[in-house]
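K.L.:
Below, each chain spelled out in residue letters.
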Amino acid sequence: MELDDLTRRSGEWLRGAGPESDIVISSRIRLARNLADYPFISRAGDQDREQIETALKQSIRGIGEESELLYVEVNELTDVDRRFLVERQLISREHAESQGTRAVAIDSTEKSSLMINEEDHLRIQVMQSGLDLEAAWQRVDRIDNLVESHVTYAFHEKLGYLTACPTNVGTGMRVSVMLHLPALVITRQIEKVFRSLQKISLAVRGLYGEGSQAMGDFYQISNQVTLGRSELDLIKQVGDIVPVIIDYERQARDFLIRESHENLHDRVSRAYGILRTAQTISSEETMHLLSSVRMGVNLGLIEGLEIPTVNELFIHTQPAHLQKLSGVELDSADRNIERARYIRRHLKEKSDGAEKN
Amino acid sequence: MKCQKCDKPATFHITELTGGKPQELHLCEDHAREYLTQSSDEPTTATSMAAALAQQMAQQMAVGQTAEELAQLDQQTCPVCGITFFEFRNQGRLGCPHDYVCFERQLEPLIVNIHGETEHTGKTPKRSAAGSEQRTQLIRLRREMKEAVAEERYEQASELRDRILRIEAGEDV
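Chains as they are written, first to last, in my numbering: chain A, 1 to 357; chain B, 1 to 173.
Simulated from the structure, these hints should not be mistaken for laboratory data. Some clues are possibly wrong.
The calculated lysine to any residue pairs, modelled on SDA-like cross-linking and capped at a C-alpha distance of 20 Å, are [as the list claims (entries may be wrong)]:
#	chain 1	residue 1	chain 2	residue 2
1	A	Lys-199	A	Ile-241
2	A	Lys-158	B	Arg-105
3	B	Lys-123	A	Gly-239
4	A	Lys-236	A	Asp-247
5	B	Lys-123	A	Ala-135
6	A	Lys-236	B	Arg-105
7	B	Lys-126	A	Ser-230
A few chain A positions that, by computed beta-carbon distances, are all more than 12 Å from chain B [said to hold, decoys possible]:
#	residue
8	Leu-69
9	Leu-70
10	Tyr-71
11	Glu-262
12	Gly-273
Bear in mind that the values here come from a model prediction, so they are computed numbers and not experimental data. Note that beta-carbon positions come from the ideal geometry of N, C-alpha and C, so glycine has one too.
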């Protein structure tokens with residue numbers, strides 16, 4: 001498997017399947033781990049980084065079992081390829097932008113990715129489409145056990161797994177669920193939801209993690225605390241709150257349909273109309289309009305268009321994906337033209353196909 | 001050290017670990033209280049994290065450290081990786097696993113602020129924590145061996161090498 005093989009697919013997290021997948025995009029769990037006998041990354045020299053990479057590369061052999069493992073040396077990649085992996089959520093922005101020996105191993109289903117020499121020596125991430133934290137935990141736990149059979153993790157009797165930043169110490173675990181919440185945004189209730197989440201120490205972030213804006217009305221909800229609560233407790237904490245938010249979003253959608261059906265239908269139809277006819281379009285506007293279209297499909301206001309197609313457009317219209325799909329490097333203005341062309345072609349194909357049926 | 005917002009002495013030293021970079025604040029009692037209570041109204045993630053911490057912080061600060069004590073703690077150095085606590089406060093990242101042991105006193109209030117807890121419950125590796133701590137000593141031994149070689153203290157270097165090999169082989173030393 002090569003990196004380019006990933007381009008034309010859309011990855012696990014946008015597959016649009018799994019429980020509650022009209023609102024829940026993906027469930028994700030990551031574990032932060034460090035080798036006991038090397039300094040953390042901020043104090044690791046070039047030689048340390050190389051030795052950490054070698055040790056971990058060997059230890060993760062065999063974790064793919066049922067599927068092939070793609071091992072990529074991130075420091076050897078072009079800027080576009082690094083960005084591509086960030087857009088795909090297979091590496092973090094920090095991993096893309098830092099310096100020195102570092103790598104990522106990705107399984108061919110794109111459910112798991114293992115970053116080596118990120119903020120911690122090893123970050124194991126598992127993603128599942130829809131709301132399925134249970135499956136994500138089983139998978140990440142199994143990978144963790146396999147790695148652990150080859151190496152000695154930094155572990156403290158009282159503090160648990162030791163991490164470069166004390167915010168991750170203990171379980172080293174971050175549980176995140178990505179939600180699509182357009183109706184809560186339209187009805188201006190989203191801030192209220194955030195405030196109540198923060199009171200129970202859950203964090204809310206945008207599509208691409210810390211500091212990123214909530215593009216396309218996508219929000220990630222995750223645990224803030226990692227110490228003093230077991231993995232299953234933390235999963236339960238996030239897992240219990242998600243159905244509540246899903247319920248809020250559904251109520252907001254019902255409200256919009258009941259109280260302002262014309263306005264909602266108009267908003268959705270205009271968004272669809274612009275996407276099908278625009279000649280040049282930015283990534284931000286695309287995300288914004290696709291969000292309305294996605295909700296429109298879920299509410300039956302648009303016919304002949306499938307959620308996986310919309311999901312795929314979210315990812316394929318991002319700057320690095322667009323350039324990899326078209327096979328050339330494009331500046332921002334050319335990307336906007338290519339993006340509009342790509343969207344027109346895909347939405348037209350799909351809706352023409354539907355009309356013929 | 002003076003308060004960043006007035007001329008009173010700064011008696012509260014807050015390190016914000018949320019958001020992009022760690023941020024240091026030196027405030028007098030009044031401004032510290034103001035800072036910790038006002039941040040609860042702001043909607044961004046970084047400051048609302050601060051809000052979540054505010055309550056615990058306020059309790060912590062009742063037994064807060066003076067500037068002198070803090071300056072002393074800042075100078076403390078980890079014997080394994082060589083990082084000072086001051087360096088950690090600046091970059092927000094620790095240097096090695098042993099930092100959690102040698103900076104225990106400084107880190108505990110911070111850990112309580114972040115997590116509200118001090119003890120791990122949940123998954124544990126099959127290998128013992130003691131074994132893990134022993135392997136962490138390899139970081140120091142490798143560094144000392146390199147220094148010994150550089151200074152042509154070969155006898156000491158070979159002793160260190162043997163100890164390293166024994167630990168790497170998993171023997172008790």
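K.L.:
A separate judgement is required for each hint: does it hold in the structure or not?
P.N.:
Now the hints, each set against the structure:
Proximity of Lys-199(A) to Ile-241(A) is assessed by CA-CA distance (about 12 Å); at most 20 Å being required, the pair is judged to hold. Annotation: proposed proximity of Lys-158(A) to Arg-105(B) holds, straight-line Cα distance about 14 Å (limit 20 Å). Taking the CA atoms of Lys-123(B) and Gly-239(A), the gap is near 19 Å; set against the 20 Å cutoff, the hint holds. Among the hinted pairs, Lys-236(A) with Asp-247(A) is consistent with the structure: their alpha-carbon atoms are about 17 Å apart, no more than 20 Å.
Distance hint between Lys-123(B) and Ala-135(A) is fulfilled; the C-alpha atoms sit about 17 Å from each other, no more than 20 Å. Distance restraint check for Lys-236(A) and Arg-105(B): the Cα-Cα separation of roughly 32 Å exceeds the 20 Å cut-off, and the hinted pair is therefore not satisfied. In summary, the hint linking Lys-126(B) to Ser-230(A) is supported, as the alpha carbons are separated by about 16 Å, within the 20 Å threshold. Consistency note on Leu-69(A): stated as away from chain B, and its beta-carbon is indeed over 12 Å from all of that chain's, at 23 Å minimum.
A cut-off of 12 Å between C-beta atoms confirms that Leu-70(A) is not in contact with chain B; the least separation is 27 Å. The claim that Tyr-71(A) lies off the interface holds: its Cβ sits roughly 24 Å from the closest Cβ of chain B, which is beyond the 12 Å cut-off. Every CB of chain B is more than 12 Å from the CB of Glu-262(A) (nearest about 31 Å), matching its label as outside the interface. Taking the minimum C-beta to C-beta distance to chain B, about 33 Å, the non-interface status of Gly-273(A) holds against the 12 Å cut.
Violated hints amount to a single one, hint 6; each of the other numbered hints is respected by the structure.
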